[in-house]
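Trainee: Listed below are the residues making up each chain.
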Amino acid sequence: MSRLAGTFARLKQEGRAGLVTYVMANDPDAATAQKIVDGLPDAGADVIELGLPFSDPMADGPAIQAAALRALANGGSTKATFELLRNFRKKNTATPVVLMGYYNPIYIYGAERFCKDAAAAGADGLIVVDLPPEEDEELRPYAKAAGLDLVRLATPTTDDKRLPTVLEGASGFLYYVAVLGVTGTKSAAATDVQAAVARIKRHTQLPVAVGFGIKTPEGAAAIAKHADAAVVGSALVQIVADTKTDPVTPMHKLVRELAAAVRGAKQGAAA
Amino acid sequence: MTALNSYRAGPDERGHFGIFGGRYVAETLMPLILEVERAYTAAKADPSFQKELDYYLEHYVGRPSPLWFAQRLTDELGGAKIYLKRDELNHTGSHKINNTMGQILLARRMGKKRIIAETGAGQHGVATATVCALFGMPCVVYMGATDIERQAPNVFRMKMLGAEVRPVTSGTGTLKDAMNDALRDWVANVTDTYYIIGTVAGPHPYPAMVRDFQSVIGVEARAQILKAEGRLPDKLVACIGGGSNAMGLFHPFLDDRDVAMDAVEAAGLGLDTGKHAASLQGGKPGVLHGNRTFLLMDGDGQITEAHSISAGLDYPGIGPEHAWLHDIKRVNYVAATDEDAVEGFKLLSRTEGILPALEPAHALAHVARIAPKMAKDKIIVMNLCGRGDKDIFALAERLGVKL
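Protein chains in written order, with my numbering: chain A, 1 to 271; chain Z, 1 to 403.
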């Protein structure tokens, strides 16, 4: 069983939702980002999304845009991201890591080579924001051959007619983007998320992780009642922007609070 | 000629021109892109849509634009006969309104209530703000903070036309970042908003749709040159940033094998300096803003900054159909520097009494290079796609003149 499938199976057994934490590789620099990522599992992250820095992240809000530029200014790259992941895997072989980014750096690295190197570095899955099902056949076979899950995204605009297209060939989990907008801006109402997850579950057995706009432990708990996992990204990345000296400690503190809230949320309960 | 060996048959049903084009957008936008495609396909097949567009193009934009035989410029260069397609005489001063008029009529058909656009030089922003004023629709234009500074007259025009100009400070604060922010706005406002993309780039169906709306340039030019000379031209010349004015002139001639075509990229300080906007000659294929095309980038696939004296050409990418025409060598892609463009500007102003925009001044620089080497019975048609009024401040500064 893959790390992702194993993790979601365990979460189901424990009767709780998971916490997915997004951080940007190399943000603010290689050494600090390494400390941040290395400490995420102990702080309570069930799955790590590791952002591949890109110069033009058009689906991201200001927090992640700034994170990408900070990372790139300090040597961030696809290769540096793999290096971070390799180091992480020396200490941790249990926590799934999903690489999340945009297609151009992957295309330039070479789709096949990227998948091989990502898997060798210890990645479990890929989320490529600007590669919809209509275009991802140029990556999917290589991801599959390397044993990487290709995680697809669904949004409030993905209606019942389109959902099967999104789910065809999806694996690992489904990432539900809870709001119409970029990362870290609006927040979704828990009732809307409940209805959306129920709708998606009618089409698939895949676990559904919900993200975009979850900023606080309370927000994470509200989502965790209805989803298989809650994703938090911008709120974590913002800590790097807001902290002059050491972002590691406050970031892990927030992750612990988020994890406690997610673990305390009773699944299936009303919002 | 059958569709199979036509250069004009693309894109395929998924929006690909060879390996270029496509629909590389976030899932939130995907259903919307498909909706735009359906609506455009239906509009294209509806004679009443074309009739409505023709009405506005004739009575509001001022089409057809003249094809002017530039006698003094021809004499001065001493070679091929030079004709100028005068799209700078359109209302708002450039070819951009051919496309914004088409797209706003489509947006109205789709029942959209709010318009967004990106702009570099501000010509597309002004053309969008203009049609929004004409139809009473709210308009938000994203413009790089750097561009706002160097294109102040157009910023003022957009504001007078009732548009909200949102300065973009993210990234490098230029056209590519304005496009990122417009896409971010669209993701957040999918239900009521229509995004009028200004060039033959972006996700399918935009490259094909913008090309179709701009093709009025080439369709008119073809009929006009046949009337004036009784034959087709030997060469077409147009400047190219994203590539909408070049595509508009070229497309109706693509299957006329004897018509050669030169598209002029902005070489900035020089192709070998790294400070240019020549995506085809200095870039490589990649994926950005919804399509695969030639892009300026570093070895890691990070998009790099373009440089040109002309804000309208200052984009690190190019339309996917141009990338394809470059690959199959149907169109010849060349370059002109900032300095060449300034000389082109001066040349046309002096010989023909026409102040060209800095964008077509690049095309003029190329015409000035090739015309003298061509025989006197050869014919060049150049697209004069914008007028220079917007550039006089930037030019005066460069020429050391205090206004």
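Hints in this document: simulated from the structure, not taken from any laboratory.
Just so you know, these numbers come straight off a predicted model, no measurement behind them.
Worth double-checking, as some hints may not be accurate.
[To be verified] Using 25 Å as the maximum straight-line C-alpha spacing, the simulated SDA-like pairs for lysine to any residue come out as follows:
(1) Z:Lys-44 / A:Glu-134
(2) A:Lys-186 / Z:Pro-31
(3) A:Lys-161 / Z:Asp-298
(4) A:Lys-79 / Z:Pro-31
(5) A:Lys-244 / Z:Thr-169
(6) Z:Lys-112 / A:Pro-156
(7) A:Lys-161 / Z:Thr-191
(8) Z:Lys-284 / A:Leu-72
(9) A:Lys-161 / Z:Lys-284
[Unchecked claim] To give an idea of the interface, some chain A residues facing chain Z are shown, with a C-beta separation under 7 Å as derived from the structure:
(10) Tyr-103
(11) Asn-104
(12) Asp-246
Positions of the beta carbon are idealized from the N, C-alpha and C atoms, including for glycine.
Trainee: Which of the numbered hints above does this structure break?
Mentor: Numbers 3, 4, 9 and 12, in rising order.
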